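Participant: So the protein lines, in turn, are chains A and B.
What the first sequence shows, in this note's numbering, is residues 21 to 323, in sequence order.
What the second sequence shows, in this note's numbering, is residues 366 to 677, in sequence order.
Treat the hints as calculated values from the structure; they're not laboratory data.
A portion of the hints provided could be inaccurate.
Unchecked claim - Subject to a maximum C-alpha distance of 30 Å in a straight line, what follows is the list of computed DSS-like cross-link-like pairs (lysine-lysine):
no. : chain 1 : residue 1 : chain 2 : residue 2
1   : B       : 450       : B       : 409
2   : B       : 582       : A       : 60
3   : B       : 488       : B       : 582
4   : A       : 94        : B       : 582
Said to hold, decoys possible - If you want the footprint, here are the derived chain B segments under chain A, 3+ residues with CB under 8 Å:
no. : region
5   : 440-447
6   : 484-496
7   : 543-552
Claimed, not checked - Counterexamples of contact, computed for chain B against chain A with all Cβ distances above 12 Å:
no. : residue
8   : 381
9   : 384
10  : 391
11  : 417
12  : 435
13  : 504
14  : 528
15  : 535
16  : 584
17  : 665
Values in this document were obtained by computation on a predicted structure and should not be read as measured data.
Positions of the beta carbon are idealized from the N, C-alpha and C atoms, including for glycine.
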Amino acid sequence: MNILAPLVLDTATEAPVTDELQQVALPGRASLMRRLARDKAAALAATFLTIVALAAIFAPIVAPYDPYFTDLSKAMQAPSAAHWFGTDTAGRDVLSRVIYGSRNTLAIGLIGVIVGGLLGGFFGILAAYFRRLDGWIMRIVDIMLAFPAILLGLAVAAIAGAGLTAVIIAVVVATIPDVARVARGAAIGVMGQEFMEAGRAVGVSDTALIWRYLTLNCISTIFVFLTLRFGQIILIGSALSFLGLGAQPPTAELGMMASQGRDFLFISEHIAIIPSLVIFLIVLAANILGDAFRDVLDPRLQQ
Amino acid sequence: MGRQIVHRLLISLPALLGVLFLCFCLMQVVPADPAAIIAGPDAKADTIAAIRLELGLDRPIIVQFAEYIWRVIHGDLGRSIISNKMVIEEIAATMGPTLELMIAGMLFAIPIGMSLGTIAAVKRGTWLDRSIMAIAVAGVSMPIFFIGLILIQYVGYKWDLLPFLGRSGPVWAGGLPNLILPSLTLGSVLIGPIARLTRTSVLEVLGADYVRTARAKGLRERVVIVHHALRNALIPVVTLIGLQAAFLLGGAVVTETMFSWPGVGRLAVGAIISSDFPTAQGAIMILALAFLLINLLVDVMYVYLDPRVARQ
């Protein structure tokens, strides 16, 4: 989870945002898409993620079977024409469960990124704008950083009981401090810009300065960071589910499916391997896409 | 440098208090009444009240927190509800194996990650560089349990090369075979990030003036890279390795659970699943404290490696 933080922070706090970079930071949508399309790996990753996302959204239409329908006479069948990914220990169709499972897995990632990103971005930008709040906010952020995501997951599960909610709370809370630091770093760079001073000089209100000047100029940095965090959040969420602290059976969630399959690994390996492989591919695609976004949107982060 | 370290220690105090407070809160907000849990399901109301009094649960929160810190300092983390052993003893028994696993994982990951990163930087732009970076991205995208599952299934079970269940004792007493698969699993998640950062760092250093000077002096390329470039490129990598401690601790929780490794992480997960609150709280606290300590050590090491930091 912390892999990217040092890279992002160093550059975000030290490099001032130049005029040239601001032009790069908010390119038109068409040119952004064109540049992304030129990167073959990124195009492939985007296509894959789109397919997975569509399958997850339209799971009831796409899934060939009911993911919760058990048929013990068909338990633990290897992949075949009827069941492309085989069946699990209860004879449920693994492909259908993977499709429904990616729903929950992607939802954990998205909620983590969106809610954690909004809260983290809010606090980071506040800290940069109101210097009096800075010390307090960053001290709290430091304390939050003292709890690695998995530990948070353990703590939340200990309090609230294991379940999807526990995982979501854990990934949101774990995302806030990292985003807050990145947002603060980027916002401090923007605060040093002349247009901020100019805005204040002509009497623009704090709210307008924060929203229209500061936030808009930090948004691409935060966005890139969040794309790169998306995969990490999915990894954390599925690890928590794998430990038995997340989604509870019979709910389909990829990490939990891998965990259930683990008990029957030696008899029928596909039950655990296939959901794990799907998580790997989703995270890989998200990371490749994140790297590509970073190269296009925020070259400063590329070290 | 001494001042820098004292300063850093002072900065970590609020974080330390924060961790203790959160762990203390863990006990407070647990949905069930701790006294009722300890007394058991069939306890009478006055028994619960007696336990409540004994635990000091009737006093103000701040007093309870102060007493909690006092008890923690004296190593009193309560008793496990399941085994009725002192939590501190349970934790003490698991700390060695966790430390062993983390060190073994790092010993495996650091040399491989740094070599891959250096090779990629030196051979920049070649197919070798591209394949190493592809491996690195794949590495950071891999769920740790996926690697563990594959190792258990193939190396452990199908090919029957190495044991994969539990720990058979310390490394010097024949425990090495049992340690290999868990530490490969844990270490593998570190290789990618280390390789990526080493590459960037070496690339940056290779463009520096003193490397050009070293080359101009006619030093052999190997000497330039190993003695001049790598030493300086090491600084950010050391920081990263420290920051990865969080990742590694988290990974240790999963790895220990998978390989039945008797560490703190497995203790914590087991305690949470069996609602053994004192043990869960103690294990989570120890993990958080360990994390704080590692970060502190990294900062100190950073000052030592890069004296410029101390002068700021």
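Participant: Among all the numbered hints in the text so far, which are the ones the structure does not match?
Facilitator: Violated: hints 2, 4, 5, 6, 7, 8, 9, 10 and 13.
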